[in-house]
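Chemist: Here the sequence shown stands for residues 1 to 189, numbered as in my numbering.
Honestly, the hints are just simulated from the structure, not real lab data.
Please note that the accuracy of each hint is not assured.
Said to hold, decoys possible - List of simulated lysine to any residue pairs, SDA-like, C-alpha gap at most 25 Å:
| id | residue 1 | residue 2 |
| --- | --- | --- |
| 1 | 108 | 77 |
| 2 | 22 | 161 |
| 3 | 22 | 57 |
| 4 | 33 | 52 |
| 5 | 106 | 93 |
| 6 | 108 | 51 |
| 7 | 22 | 52 |
Note that the structure is predicted; figures quoted are calculated from it, not measured.
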Amino acid sequence: MHVKFGSREALQTFGLIENSHKDDIAFTNFHVKLNLFLNTFLPASNIPLPDGRRVHLLSTHTITTCRLLHVNYESMVDWRQYTDYLWCNPQFFNAPCFNCMFIQTKQKVILGCLLLLFECPVGDNHLNIFRVQAKPWAQAEFFSIRSIICGALLMHDKILDYFIVDMVDMDMFLHVKEMHLQAGHVVCI
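Construct the complete structure from the given sequences, taking the supplied hints into account.
Modeler: Below is the structure:
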């Protein structure tokens, strides 16, 4: 597996998570939005719905949140395997740390910032999912952790949202170049 959770937290109910983030619009109706995601994602991924019925998680159901994600990826530079350690922690050495990453969707590669990493039992499966802010905060989305390609360095700018720092290493540069090519942009080097 190219992704693995680390730094697991105690079980929490959806109700507790929603209540502890009650002032955060990205977590409004969290379990309802997750139900919608799972009822689309599971069939699209050829994963049977539990007992052939739609997923209906309640606010009393529990999930395991995690603060760390190990992502093994193949370098575009030397084709060797490397590991990115992505943090999703509101108190990482007394400061929030929500890393960003490249995400492979069906249509294209996008960038996103982690909001919450969690493992969610559905039927006999333990689904590894993350909530990401790849759009305006209120439009945060869910993704399977298997869709993460590797970490990405984005710098927050209060006016323009985020800047992509593509010069941190050659892999980052090549991933950003590939995104531009997929989008049909002219790339001059």
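Chemist: Would you mind marking each hint as holding or not holding in the structure?
Modeler: These are the hints, each one checked on the structure:
1. Taking the CA atoms of residue 108 and residue 77, the gap is near 21 Å; set against the 25 Å cutoff, the hint holds.
2. Distance restraint check for residue 22 and residue 161: the Cα-Cα separation of roughly 23 Å lies within the 25 Å cut-off, and the hinted pair is therefore satisfied.
3. About 19 Å separates the Cα atoms of residue 22 and residue 57, which keeps this hinted pair within 25 Å; it holds.
4. Proximity of residue 33 to residue 52 is assessed by CA-CA distance (about 20 Å); at most 25 Å being required, the pair is judged to hold.
5. Restraint check: the Cα-Cα separation between residue 106 and residue 93 comes to about 36 Å, which exceeds 25 Å; the hinted pair is violated.
6. Restraint check for residue 108 and residue 51: not satisfied, since their Cα atoms lie roughly 32 Å apart, outside the 25 Å limit.
7. Restraint check: the Cα-Cα separation between residue 22 and residue 52 comes to about 33 Å, which exceeds 25 Å; the hinted pair is violated.
In summary, the structure is inconsistent with hints 5, 6 and 7 from the numbered list given earlier, while agreeing with the others.
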